[in-house]
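Go by the hints and put chain C onto chain Y.
Spelled out from the first residue to the last, the chains are:
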Amino acid sequence: MKLSKLSAPTLLLLPAFIVLAVFIVLPLMFSLYSSFTPFRLTKPDTLWVFIGFRNYVNVLTNAEFWVAFGRTVLLLTIALNAEMLLGLGLALLVNKATRGQRILRTAMMFPMMFSPVLVGFQFKFLFNDNIGFVNNALQSLGLTDRAIPWLIDGNLALFSIIVAEVWSSTAVFAILILAGLLAMPKDPVEAAHVDGCTPWQTFRYVTWPYLMPFAFIAMTIRSLDVARAYDIVKIMTDGGPAKRTELLWTLVGRTAYGDARMGLANAMAYVAILLSIVFTVYFFRKLAAARQQIGAEW
Amino acid sequence: MDTNASHRLRRRLLKAAHFVGLFLAMAVICLPGLWIVLSSLRPTVEIMAKPPVWIPETLSLDAYRAMFSGAGQGGVPVWDYFRNSLIVSVTSTVIALAIGLSGGYAFARYRFKAKSAIFLGFMLTRAVPGIALSLPLFMLYARTGIIDTHFSLILTYVALNVPFTIWLIDGFFRQVPKDLAEAAQIDGCTPWQAFWQVEFPLAGPGIASAGIFAFLTSWNEYALASQITRSVNSKTLPVGLLDYTAEFTIDWRGMCALAVVMIVPALTLTFIIQKHLVSGLTFGAVKG
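Quick mapping for you: the protein sequence lines, in order, are chains Y and C.
FYI, in the working numbering the residues of the first sequence are 1 to 298.
FYI, in the working numbering the residues of the second sequence are 1001 to 1288.
Hints in this document: simulated from the structure, not taken from any laboratory.
Any given hint could be a false lead.
[Claimed, not checked] BS3-like, lysine-lysine: derived pairs with alpha carbons at most 27 angstroms apart:
| id | chain 1 | residue 1 | chain 2 | residue 2 |
| --- | --- | --- | --- | --- |
| 1 | C | Lys1115 | C | Lys1015 |
| 2 | C | Lys1015 | C | Lys1113 |
| 3 | C | Lys1015 | Y | Lys96 |
| 4 | Y | Lys186 | C | Lys1015 |
| 5 | C | Lys1015 | Y | Lys286 |
| 6 | Y | Lys186 | Y | Lys286 |
| 7 | Y | Lys186 | Y | Lys96 |
| 8 | Y | Lys286 | C | Lys1113 |
[As the list claims (entries may be wrong)] A few chain Y residues that don't get close to chain C, going by computed Cβ distances all over 12 angstroms:
| id | residue |
| --- | --- |
| 9 | Thr61 |
| 10 | Ala63 |
| 11 | Leu80 |
| 12 | His193 |
| 13 | Tyr205 |
[Unchecked claim] Label-pair restraints from in silico Cβ distances:
| id | chain 1 | residue 1 | chain 2 | residue 2 | range |
| --- | --- | --- | --- | --- | --- |
| 14 | C | Lys1015 | Y | Arg204 | 21 to 29 angstroms |
| 15 | C | Gln1193 | Y | Tyr282 | 39 to 47 angstroms |
| 16 | C | Lys1015 | Y | Leu141 | 21 to 29 angstroms |
| 17 | C | Ala1114 | Y | Lys43 | 38 to 46 angstroms |
| 18 | C | Pro1201 | Y | Asp153 | 52 to 60 angstroms |
| 19 | C | Gln1185 | Y | Tyr56 | 54 to 62 angstroms |
| 20 | Y | Thr106 | C | Ala1017 | 20 to 28 angstroms |
| 21 | Y | Lys43 | C | Arg1230 | 16 to 24 angstroms |
| 22 | C | Gly1204 | Y | Leu26 | 30 to 38 angstroms |
| 23 | C | Ala1017 | Y | Asp187 | 26 to 34 angstroms |
| 24 | C | Gly1121 | Y | Phe53 | 25 to 33 angstroms |
| 25 | C | Arg1230 | Y | Ala63 | 30 to 38 angstroms |
Glycine included, C-beta positions come from ideal geometry on N, C-alpha and C.
Pulled out of the complex, with its shape left as it was, chain Y reads as follows:
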């Protein structure tokens, strides 16, 4: 009787609300609470000791944390920009192809089907300094006579991880931008041509504004699970060598399960969550603005 008083959309959204509240929001509240305690897995009693903001102070004054934070932001910036540019390039290339478009489009989706764990494993194999494809190829071609320590040198390891990340996610951008190209009306481009625009001008002022919403959809989807990079890093280097590839997420994992310091790890996790949320909200708003700009009916 009371149920029927609720409006239809409320009723329809109720299951989703309940599931998300119970399995995402509630656990997060719990972890918020435990981030104010010195909780250690090995000492259950510590869950009931309240220590205020001490964990957060610890985290925010910890140099190791800030290094990992900076590295995460750096990695995301480089990776997302590279994915965007490469995805755009790939979409334009495929769109220009006159034959075999269907096959090309299917092949383009290939990396998307790989789970991050597989991507990590695959690149760990390819970049192995001893038996990896990359070193073997370089040595066989005579480009280098010694083995390049891709995953053993700190900077090269970060580079290798970025390569893996870009390989796996460029497809998201390429596919959605290609969808935009296919849906685009041909007249404005032709009009620009007639009016004497150079190819670059046509692209910059006619094609690109039209593609923007699609690029932002891709960005939004990517921002929803940027933390997938955890899987890749975990497999490829596990934060090593000597913590030179430690990201926010691997640091959280190590503090929680390696050192069993759950309270501290939860405080770190909250910083990671905030980072993700800021990211997602930013792109959602961009997405909404871009949609209004082209005035399409959504």
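Relative to chain Y, chain C alone:
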């Protein structure tokens, strides 16, 4: 005449450059996967050989035979992991789809207060990094004693999949004109009948691809599974992949073979849905 010739040359060069660029891009995309497949078929000696052996001399299915011959060879119970993955993925997909169906329909068909805020809120729950979410879930599941069971994993994946399922299904229902259901109701259908007999079949292929997408997310998930699964009872394939590195040395061939086993279902399913997936994500702005 001269300008004509140079123009033609330029066009031909551009065409060649386009072809080379496309070829290189496709090579970079496809080669790593093919290399894994090839490595799974080669004897370990050849993988480890120095200087490298480029043309394989012998190909065999030994790695696959060893993997599926039970826990004896190599000690990795692939069958159990495969069964766990399948049970968890299928069950969580079905539940997530049911919930996503009702939620997505609400977003596509009704106007209500704070609609976009609620939508954004749903998406934000998806943005929580898996490893960050795994901490409280690990503690809660350990307390309630449902850690290392299919049950806990299924519930987690349902929550993980609901936001994105809603996004996709919302997009698919928007492509179905509102008038159709109204016309059906004027013709005497109840709203319930109108939904199941008119709107649902029209959005059907899209909903199926939302389901496949949810399935793949569960099938591939690692960050959460690696913490809430502990043993053969509930370990899934992505977690099982690490069994090969647990020892001091890595069994590259075995890992490659397991990787192929993991990727084949994903590959097949993605081919089926690729068209619908794109149109769902772009809210029907595209006719693919």
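To see whether the hints hold, each was checked on the structure:
1. C/Lys1115 to C/Lys1015: 49 angstroms, violated
2. C/Lys1015 to C/Lys1113: 54 angstroms, violated
3. C/Lys1015 to Y/Lys96: 10 angstroms, holds
4. Y/Lys186 to C/Lys1015: Since the Cα atoms of Y/Lys186 and C/Lys1015 sit roughly 21 angstroms apart, the hinted pair holds (cutoff 27 angstroms).
5. C/Lys1015 to Y/Lys286: 36 angstroms, violated
6. Y/Lys186 to Y/Lys286: Distance ~25 angstroms between Y/Lys186 and Y/Lys286 Cα, so the pair holds.
7. Y/Lys186 to Y/Lys96: 14 angstroms, holds
8. Y/Lys286 to C/Lys1113: Holds: Y/Lys286 and C/Lys1113 sit about 22 angstroms apart, inside 27 angstroms.
9. Thr61: 21 angstroms, holds
10. Ala63: 21 angstroms, holds
11. Leu80: 15 angstroms, holds
12. His193: 16 angstroms, holds
13. Tyr205: 21 angstroms, holds
14. C/Lys1015 to Y/Arg204: 21 to 29 angstroms: 23 angstroms, holds
15. C/Gln1193 to Y/Tyr282: 39 to 47 angstroms: With Cβ atoms ~43 angstroms apart, the hint holds.
16. C/Lys1015 to Y/Leu141: 21 to 29 angstroms: Given a distance of about 28 angstroms, which is inside 21 to 29 angstroms, the answer is holds.
17. C/Ala1114 to Y/Lys43: 38 to 46 angstroms: 43 angstroms, holds
18. C/Pro1201 to Y/Asp153: 52 to 60 angstroms: 57 angstroms, holds
19. C/Gln1185 to Y/Tyr56: 54 to 62 angstroms: The hinted range 54 to 62 angstroms holds for C/Gln1185 and Y/Tyr56, with Cβ atoms some 56 angstroms apart.
20. Y/Thr106 to C/Ala1017: 20 to 28 angstroms: 24 angstroms, holds
21. Y/Lys43 to C/Arg1230: 16 to 24 angstroms: 21 angstroms, holds
22. C/Gly1204 to Y/Leu26: 30 to 38 angstroms: Check passed, 34 angstroms falls within 30 to 38 angstroms.
23. C/Ala1017 to Y/Asp187: 26 to 34 angstroms: 28 angstroms, holds
24. C/Gly1121 to Y/Phe53: 25 to 33 angstroms: 27 angstroms, holds
25. C/Arg1230 to Y/Ala63: 30 to 38 angstroms: 34 angstroms, holds
Going down the numbered hints, you'll see the structure goes against 1, 2, 5, while the others check out.
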